[in-house]
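A.B. asks: From first to last, the protein sequence lines stand for chains H and X.
Quick note on numbering: this note's numbering labels position 36 of the first sequence as 36, and the sequence is numbered without any gaps.
Quick note on numbering: this note's numbering labels position 192 of the second sequence as 192, and the sequence is numbered without any gaps.
Honestly, the hints are just simulated from the structure, not real lab data.
Keep in mind that this is a model prediction, so the values were computed, not measured.
Be aware that a few hints might be false.
In silico EDC-like cross-links for lysine to aspartate or glutamate, where the CA-CA straight-line distance does not exceed 20 Å [claimed, not checked]:
| # | chain 1 | residue 1 | chain 2 | residue 2 |
| --- | --- | --- | --- | --- |
| 1 | X | Lys101 | H | Glu208 |
| 2 | X | Lys247 | X | Asp227 |
| 3 | X | Lys101 | H | Asp171 |
| 4 | X | Lys35 | H | Glu310 |
| 5 | H | Lys177 | X | Glu108 |
| 6 | X | Lys274 | X | Asp86 |
| 7 | X | Lys84 | X | Glu49 |
| 8 | H | Lys218 | H | Glu208 |
| 9 | X | Lys101 | H | Asp317 |
| 10 | X | Lys28 | X | Glu49 |
| 11 | X | Lys35 | H | Asp317 |
| 12 | X | Lys28 | X | Glu55 |
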Amino acid sequence: MSLQRLAPWFGFLFGLALSCLLALFFNESPLHVLKIVTTSFLNSKFDFGLTLFYTTCFIFSGLAFSIPLRAGLFHIGAEGQLTISAVVAAVLGSILPTHNWFGILIIFVITALTGMLSALIIALFKYYRKAHEVVVAIMLNFIFAAISTWLTINHFQNPNSQNPETAMIADQFQIFKSDPLKIYFDQSPISLFFIVAVAICIFLYWLEPKILYFQVIKSYGANRQANQRFGFSEIKILATVMLLAGFFSAFIGLTEVMGNTYQYKLGFSPAYGFLGIAVALLARQHFLGLIASSFLVAILHKGASDLDLETQFLTRDFSQVLQALIIFSVAASYFFFSRKKIKVESEVTK
Amino acid sequence: MRKNQIFRYFAVCFFSFGISSTVFAAIKIGLVLDKGGKDDKSFNTSAYEGAKKAEKELGIELKYVEATDHNSLETLHRNFAQKKYDLIIGIGFAQTDAIKKVSALFPETQFAIVDGEVSAKNVRSLLFEEHEGSFLMGSAAAMKSKTEVIGFIGGMDIPLIRRFQKGYDAGAKHVNPKVMIIHNYIGVTGEAWNNPAKAKEMAFSQIGQKADVIFHAAGASGAGLFDAAAEKKIFAIGVDSNQNWIKPGVVLTSMLKRVDVAVFETIKSVTEKKFQSGIMRFGLKNSGVDWALDANNEKLWSSAEKQKMTEIKKQIISGKISVPDYYKTK
Numbered sequence: 001m002s003l004q005r006l007a008p009w010f011g012f013l014f015g016l017a018l019s020c021l022l023a024l025f026f027n028e029s030p031l032h033v034l035k036i037v038t039t040s041f042l043n044s045k046f047d048f049g050l051t052l053f054y055t056t057c058f059i060f061s062g063l064a065f066s067i068p069l070r071a072g073l074f075h076i077g078a079e080g081q082l083t084i085s086a087v088v089a090a091v092l093g094s095i096l097p098t099h100n101w102f103g104i105l106i107i108f109v110i111t112a113l114t115g116m117l118s119a120l121i122i123a124l125f126k127y128y129r130k131a132h133e134v135v136v137a138i139m140l141n142f143i144f145a146a147i148s149t150w151l152t153i154n155h156f157q158n159p160n161s162q163n164p165e166t167a168m169i170a171d172q173f174q175i176f177k178s179d180p181l182k183i184y185f186d187q188s189p190i191s192l193f194f195i196v197a198v199a200i201c202i203f204l205y206w207l208e209p210k211i212l213y214f215q216v217i218k219s220y221g222a223n224r225q226a227n228q229r230f231g232f233s234e235i236k237i238l239a240t241v242m243l244l245a246g247f248f249s250a251f252i253g254l255t256e257v258m259g260n261t262y263q264y265k266l267g268f269s270p271a272y273g274f275l276g277i278a279v280a281l282l283a284r285q286h287f288l289g290l291i292a293s294s295f296l297v298a299i300l301h302k303g304a305s306d307l308d309l310e311t312q313f314l315t316r317d318f319s320q321v322l323q324a325l326i327i328f329s330v331a332a333s334y335f336f337f338s339r340k341k342i343k344v345e346s347e348v349t350k
Numbered sequence: 001m002r003k004n005q006i007f008r009y010f011a012v013c014f015f016s017f018g019i020s021s022t023v024f025a026a027i028k029i030g031l032v033l034d035k036g037g038k039d040d041k042s043f044n045t046s047a048y049e050g051a052k053k054a055e056k057e058l059g060i061e062l063k064y065v066e067a068t069d070h071n072s073l074e075t076l077h078r079n080f081a082q083k084k085y086d087l088i089i090g091i092g093f094a095q096t097d098a099i100k101k102v103s104a105l106f107p108e109t110q111f112a113i114v115d116g117e118v119s120a121k122n123v124r125s126l127l128f129e130e131h132e133g134s135f136l137m138g139s140a141a142a143m144k145s146k147t148e149v150i151g152f153i154g155g156m157d158i159p160l161i162r163r164f165q166k167g168y169d170a171g172a173k174h175v176n177p178k179v180m181i182i183h184n185y186i187g188v189t190g191e192a193w194n195n196p197a198k199a200k201e202m203a204f205s206q207i208g209q210k211a212d213v214i215f216h217a218a219g220a221s222g223a224g225l226f227d228a229a230a231e232k233k234i235f236a237i238g239v240d241s242n243q244n245w246i247k248p249g250v251v252l253t254s255m256l257k258r259v260d261v262a263v264f265e266t267i268k269s270v271t272e273k274k275f276q277s278g279i280m281r282f283g284l285k286n287s288g289v290d291w292a293l294d295a296n297n298e299k300l301w302s303s304a305e306k307q308k309m310t311e312i313k314k315q316i317i318s319g320k321i322s323v324p325d326y327y328k329t330k
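Given only the sequences and the hints, what does the whole structure look like? Please build it.
C.D. replies: Following this line, the structure appears as structure tokens:
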């Protein structure tokens, strides 16, 4: 493995060290901060399960970002897609007839379809109106958030509560309540979706070199004009990557609704969709790397929220500074390592 | 000097492990704040101030944290309980489920929740009768309005804010049946609680429709309303904590939701070993909800108007006026 491939990890360590040193200004020991951030997930089985739950969500959002990036699309719409999918799953779970297992299948299929179709909108705008995917995604994120809130509060509000949330899904659909992982981890938010997420990553890693179309997508990302010259359909490429991205975003909604709270709560996502970008960049879009980077970011996410509790002067805001520093360092590492490469290349051409 | 400082940093480095394990004998209180954080100048600030007051006067050991997301709430409560805190207070309805779950796991620890209802042996639920307070605000607005048009700016459109709105409407109609009330909600996402710019625009549009008293129930967004009211020289009404000081002469009054009192009293009951579980309601009756009258807005009220307000307050307490409650009738 070349040094360059490890660049983001160097950046990661640098950012972590930098932010821990920053703690000196607040009269906190950097070692203490480092200890909390990196080991708080080991406190109990519950904490470990929660970290793996975060990992699950990060893997899915990392996938939702890294697949469109292969085609050169900067996909930041996962947040909206996962919100609308979670609402659809929660609503279906509370209104479908419960007498057979078929209902669960319907929930999964329709939720996945919702995610896929909502992502497809971005591809359609990009192809037909030449709109930039980032702009469309930002606007869609808001629209989906608004639709979700409207559906929740005006039509499917939980009658047993004044909180803005939908009703609980039917007991028969709460199959993940007693899955082995959840029981092992002391009823923490984790569920079998964790296994699904890891399996999907491994499967995609195995599949990628075998399917030619992945290379077509990559070539589109590398050089659009050349790709067009070979006569590949642009809309087909755009639609494929966005449908896949929406599919994985929908799984975050399912993880939350089917495997964790069994209802949709307004604002359940601590910006999984955006944290997924950091996860995917850290792994350089490598499917197996995604598992590792998701786990790492999950540990950080968990540890950062414990900083508040364990230290005297550091608050929640510091944990955001910490995450930002790490993301900056990772981004900077690309620059430092690829600058060398560009130099070498230009010398060769001379 | 500089060397000294560096030395101090290193000293902190090496000794903080020791400090964190020191045992305190005082009663330990854990406070879990809502997502808004302790500086929202309204709901959380109020809770934080109550706890700070208790720290000063009752000599307790206070530790407060802010939640990052829904899932972290449960961990925070669990960690507090595992560290053998005597009382853990959750601020905000979002923590209901977390407290329900954690209180069952730690029956020895005492819990309190503001704005949420949990029935367990070791949980005290602190509920506020917001509709009574906002009824009073509606009356105040209708009384002070010359154009017979008043406004309401809500944060996010959720049942809690609808409860404010319903009380406000009823209060205004009680004083002046002809009064027109303009309603606006800032947004449909969590951003709505922190969007003063949009609150200001809405206030301007309501003023354009001749509203001359506007009440907000929008958390930190309310700052925008106060700016607009000061520019156009109309009255604004604050919410949750006493916001009269923000723009004296412009803020007509504030609807007080005495979260600080509720928090302080609960902590006090623990230090006196008189903690009782169950539901405690804070309304006009026990000054849990009230209107703010201080040096900043004293001049805006004539003695006749003050008397009328006290009169309405008395009638609500005695049950002569029944205030519609959105939670009961939609």
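A.B. asks: If a hint holds in the structure, say so; if it does not, say that too.
C.D. replies: To see whether the hints hold, each was checked on the structure:
Under the criterion of a C-alpha separation no larger than 20 Å, the hint pairing X/Lys101 with H/Glu208 is inconsistent with the structure, at around 43 Å. Restraint check for X/Lys247 and X/Asp227: satisfied, since their Cα atoms lie roughly 8 Å apart, inside the 20 Å limit. Using a Cα cut-off of 20 Å, the hinted pair X/Lys101 and H/Asp171 holds, with the two alpha carbons roughly 18 Å apart. Distance restraint check for X/Lys35 and H/Glu310: the Cα-Cα separation of roughly 18 Å lies within the 20 Å cut-off, and the hinted pair is therefore satisfied.
Our distance criterion of 20 Å between C-alpha atoms is broken by H/Lys177 and X/Glu108, whose separation comes to about 26 Å. Between X/Lys274 and X/Asp86 the CA atoms are separated by roughly 13 Å; this keeps the pair inside 20 Å, and the hint holds. With a CA separation close to 23 Å, the supplied pair X/Lys84 and X/Glu49 exceeds the 20 Å bound. Between H/Lys218 and H/Glu208 the CA atoms are separated by roughly 11 Å; this keeps the pair inside 20 Å, and the hint holds.
A hinted pair counts as satisfied when its Cα atoms are at most 20 Å apart, and X/Lys101 with H/Asp317 does not qualify at roughly 27 Å. Only pairs whose Cα atoms come within 20 Å are accepted, and X/Lys28 paired with X/Glu49 is accepted, the gap being roughly 17 Å. Only pairs whose Cα atoms come within 20 Å are accepted, and X/Lys35 paired with H/Asp317 is accepted, the gap being roughly 11 Å. A C-alpha spacing of about 10 Å is found between X/Lys28 and X/Glu55, which places the hinted pair at or below 20 Å, so the restraint holds.
Hint violations for this structure: numbers 1, 5, 7 and 9, all remaining hints satisfied.
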